[in-house]
Amino acid sequence: MLLSEMKESQTGVVNRVGGNGALRRRILEMGILKGSEVYIEKYAPLKDPLELIVKGYHLSLRVEEAAQITVDDVK
Amino acid sequence: MSQKSLTIALAGNPNSGKTTIFNNITGTRQKVGNWPGVTVEKKEGIVSKYGYELKIIDLPGTYSLTPFSVEEIIARDFVLDECPDVVIDIIDASNLERSLYLATQLRETDCKVLFALNMADIARTRGIKIDADKLSELLDLPIVFTIGNKNEGIDALLKKAIELAESDVDTSGRRKVKYSKDIENSISKLRSFIEKNSGISLPYKTRWTIIKLLENDKLVRERVLQKAGDQGRNIIQEVQLHRELLADRFNDDSEIVMTDERYGFIAGIIKEVLTTITKQRIDISRNIDLVLTNRFIGFPIFIFFIWAMFQLTFSLGVYPMEWLDTSVNWFSISLDGLLPDSLFKDLLINGVIAGVGSIIVFLPNILILFFCIALFEDTGYMSRAAFLMDRIMHLIGLHGKSFIPMLMGFGCSVPAVMATRTLESEKDRILTILITPFMSCSAKLPIYIVLTGIFFSAKAGTVIFCIYFAGIILAIVTGRLFRSTLLRGADAPFVMELPPYRVPMVKSLIIHMWDRSKMFLKKMGGVILIGSVVIWTLSAFPQNIQYSRDYLAETNSVIALYDTKIATANGLDMQHLENKRDAAVAQLETAQKTEKMEKSYMGRIGKTLAPVFAPLGIDWRGSVALLTGFVAKEIVVSTMGILYLAGDEGSDTLKDALLSSDMTPLSALAMMVFVLLYLPCLATVATIKQETGSFKWTLFSITYCTSLAWVAAFCVYQGGKIIGFS
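Protein chains in written order, with the working numbering: chain A, 1 to 75; chain B, 1001 to 1726.
Everything labelled a hint here was simulated from the structure, so no lab data went into it.
From a predicted model like this one, the values you see are computed outputs, not experimental measurements.
Below 27 Å or equal to it, Euclidean Cα-Cα: the simulated DSS-like pairs (lysine-lysine) are:
1) A/K47 to B/K1427
2) B/K1181 to A/K34
3) B/K1218 to A/K34
4) B/K1271 to A/K34
Just chain B, same shape as in the assembly (with noise of 0.2 Å):
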């Protein structure tokens, strides 16, 4: 026998406990923050529980339904169009008036909707004790008690979310929000217009969609003209005219005065429910929040946690990113002895266990970095991170919550990118997306290191330092630029919630760090590995290549030779022919290396696009160099060692290779900057496209990042030399 499934909804405001109670429910792994609005997408997860199949859905943390954030529309667009059989609203006890105010709103929907009143034990120790009885009485609606942390109350709840779901409450008959009597009046005068024009069908209910007109909800508007079309006209005029008068009458915005008289409504429910004991209690979050925000010590102390996050993911990440790698390398080379040469074994070895071999090695950085924000995340530090910047950040048009992701790309645009998650904000996150790759991330430092140590011996911190500090400069413009023309809008306004400290949960803390990772892992390692693939691909064809010289017979006489004077020659002279034939031989293969990527299809990419890279200075061996570094930037440094070693048989290091090239100094260092700000490692686009969701916008960062890397490298040879450094 099929069981009766069920929908049920969570409501809350954010830290309202909502997702410790979903996680309880249903044992699934999710996002469990403290910072507001941190669950921005659906989640589910099925149960089976009293015969009944429970299909649960977590809806994002909102403080209201009206449409302000994408949570909220989100949130709303569920309860009205899916029509779950039960709505539960969570509600933090020790924040009762304000969890009311959604409340109110999840009533107006005439839904089932079923209180869950959570952490009343926390509310009582600090003094707050609230009279469910008489709340559910003069709410009209079933509430039960729960603990979210403590695993308690759930059961309850849910059976009486079965009870409510298969009970036929007449929920339309339930006491209302009642407006003042102008408010009231309009709206009896708009049910009777609409009932007059029995033509007119409303993609909602009656009273509710006459209240949202009334509060000028756009989005409602949309849907009942789309819905009722010319009658819909008809009737936003009708409202209009209801507007004016009320605004007339009121002297405010209809949707303001219908808020007021909400929280009026909501007040004379908290009278009666709500009784506070002591009315000065102890606040440990307060006095917490009195040393974190400190005026003095609270920048050092966040500066401190910043450079302890930094430590952690890339000092002690470090060691197991060893082993990995270690592994990965074991493993390549036990497969090359095991598999026979072939163009399958080149591609697995060289494509794929090199390309995913390359991002698994970043995954405890990852972990590391990912429980650290789930750390602050979970114990509510994040948002006063965010007070605390935001003066700063506001500067760039952006919100203090920015700040996070910006200074993790210094370490690796891919977390970067992903933690602009926590913005709820879609321009703010796609601001901050475009913007993170500018600060230069580690796998840049080792091609700075190589070609300031060659090109600026003496004065290679300095360049570096202002290598970095252009990237930040270059953020800063840009996210001005952006906020004023692409991304125009009113920054995020900074009305955010500063949630009481929590103690947070292991468990918790631990499933957050997994969960983010193993998206990470799933999603990067198919679109890496397709990369890598083509990258393979582009490196290893044409097979045939016709080589200007024929290395096989010219290694072979090599050998000969050599082989004939060793046979004549005595023991210590032996070994050292024998060590310069090995010599001359891996000459010659490092030049057939070369000859090959100049042939491969890779090498003419570089050849075809040398033109544009001559005037920032740069070769062709340059540019194929740059053009590697999209599967990753340190790759960049191990074929410039490929390409110019090989291209000049008098030098063995890098470094005399590069100082006899044509590179200058200056043309390095309008590499450098390209090298700073080009497009962005396979991964870090890969991200992009994830956390945008966009290919416009992945394309676009694409684009204005190479964009404003040739302009500032043009900007850098040219005017160099005109300025008349060389």
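Chain A on its own, in the form it takes in the complex (with noise of 0.2 Å):
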């Protein structure tokens, strides 16, 4: 599943962090990695960007970057 089809209040896994360049390995750097427990804190009045929670921070991405990382164990 990707991290961009995942619906509020959800949690997951993340499995692949896709994409290229400079933005996949900032992604990577704030934490969002193999591995890493991901929370959908929500999405933005306009659906995009959704807000997250990871490593015990807030963090937000657009629909499209969230889109280039696929999740794991959806709950």
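Build the complex from these two chains, which are given one at a time in their own frames, with help from the hints.
Here it is, written out as structure tokens:
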């Protein structure tokens, strides 16, 4: 499943961060890596970007950026 | 005896409280924000403590040392090239895991690193307990607890830093992040390759350089090539082989694998030092966010805040603005009375005071506006505003944060352009600066009001609205155009931290407000001063004009004529005649002024430019008015007043004068379109120069605005004529 398909208040475990170049690197550096647990806090009122909690802090990503990330064990 | 001096650099993630600690140490006024990446400039302060002269450098807040953003490059270059005696890494205790990522990279640089574990008190209330001794032992680094906003632990931190700087610990033997076998293998093979070729000189420490090369770091690669020449090319080739090898082995780029492994190393540390007591903690910040970024009321609240900011800035700001305006006038009048008539006096009053005075009156607005912005930033609301607006701004190819400067552009372009400083990506910053002037500023409003009032009386409101709307549309078009041409490149990614809400410190709010405003006064003052003198010179010279009429003689004869009549007239008639005499004299004075204006350099430029403006339906008087608008847009109306009124002796209001001139509703519309778009005022241009730091971009902005203005006005006027309007 893609991170961008997750609904509010769901948790999941990151499987793979796709995309390329600096953006991908940055997403990883911010702690979204294989095995990290993410919690979807909310989507912005216009459905983009989204806010998630990873490694204990709040991070926002655009939906198109989140669509590069696959997640497992979505609950 | 001179003190020994030490350089201490402060590094850390954005929002780690780094700037607060910097302020506490140096007492220097510096920006403390909640917005990620707010400290773009390098700030430093010097303090004398414990017998040392400590030079403290506040590095930009960064998440890592990869060259992802300007801030990171600044921070990294400083650490590597300037070799500070100690680097203090400030770590937000409630965000330990992510903070350690930067920490592991700092350790790899072989600098003397010291940790400040900041805000552990807040972390504790959030149920996070950190075993600092263990952390210190595992990382092989000293750790000091600090609470930045309460100024606790700062002295201990400095003492420890001095102690560390004076000690001769060998940092190279320190326990490093140990990468997986394959990567370590490549590192040691590359190391022996470099050592074998003893002629190779590397710009940085060997292990660090190898790691960076394996991570495909462009900047490091360039520097290696520069420093080591042909040998460098060999190394790069060798590294490339290893990169391919590793990519094959891990099925992914080695930089990704290494990022992963660093986090793996960190995870191991976290497991040993961090205990979370309560899983479900009460989080006030999250609750606030549930309201402020709520699906339904998030936007209304945001609009209310923006509205409130505007109200405060432009409504409340009006009062002190008036006081200042009165003071400037009073000052100017007093000087007028005190000094004997001379060219110098004219320069002083009509050039310097009029010019600089017109800028100083904006100070209250600027103060209030920057106070509001500081409040948004320090509380953490600014990143929420970006979160809310990003979807909309993304349509223009901009980041959510660009919304604030663009919105402020409706008030005044000067603070608006200054507000672009909160944008992290330079491309975003320049693009926002380029389109902000199209947000019609409040100084242009009087021009619209006068022109629409005269030519579109019944539909004035609609016309003004359309003008504003046209500005927004053109801003969007420009944004998209430049984004896909000049400033191409992926949009800045929106990977943005939403820091917890914090109660702002009043002291720091006031420091920010004053700091930014001071800069405004200082820099604007200088440029405005020069600009005003130039404009004054252009309008005041040449001094010896060959007037077409002898105004002095005419005035004297008019006075003489009336005076003889007055001498024979009785009471009521006398009063009436005196009024008539004064009116006649005044009319001659304006006529003289007009001729002077016409024959001044400014007037000549206006007349020379007239052919350029003719296709827009604007005559030479309009051209001069527009030209003077460069000083400040408000002046356009007053210049038009002088030129049109005086040129047409039968009229006594600007309205009659304009109606009886060649101006038509269509040409008035063309003129308004031109005013909306053409080159911004001197103060804005100076700000653009200051914020872009580039003459090229400033020139580009001016040229683009003005060309677009001409084309748009041309289309309106000529297009309108074709359709049949007049």
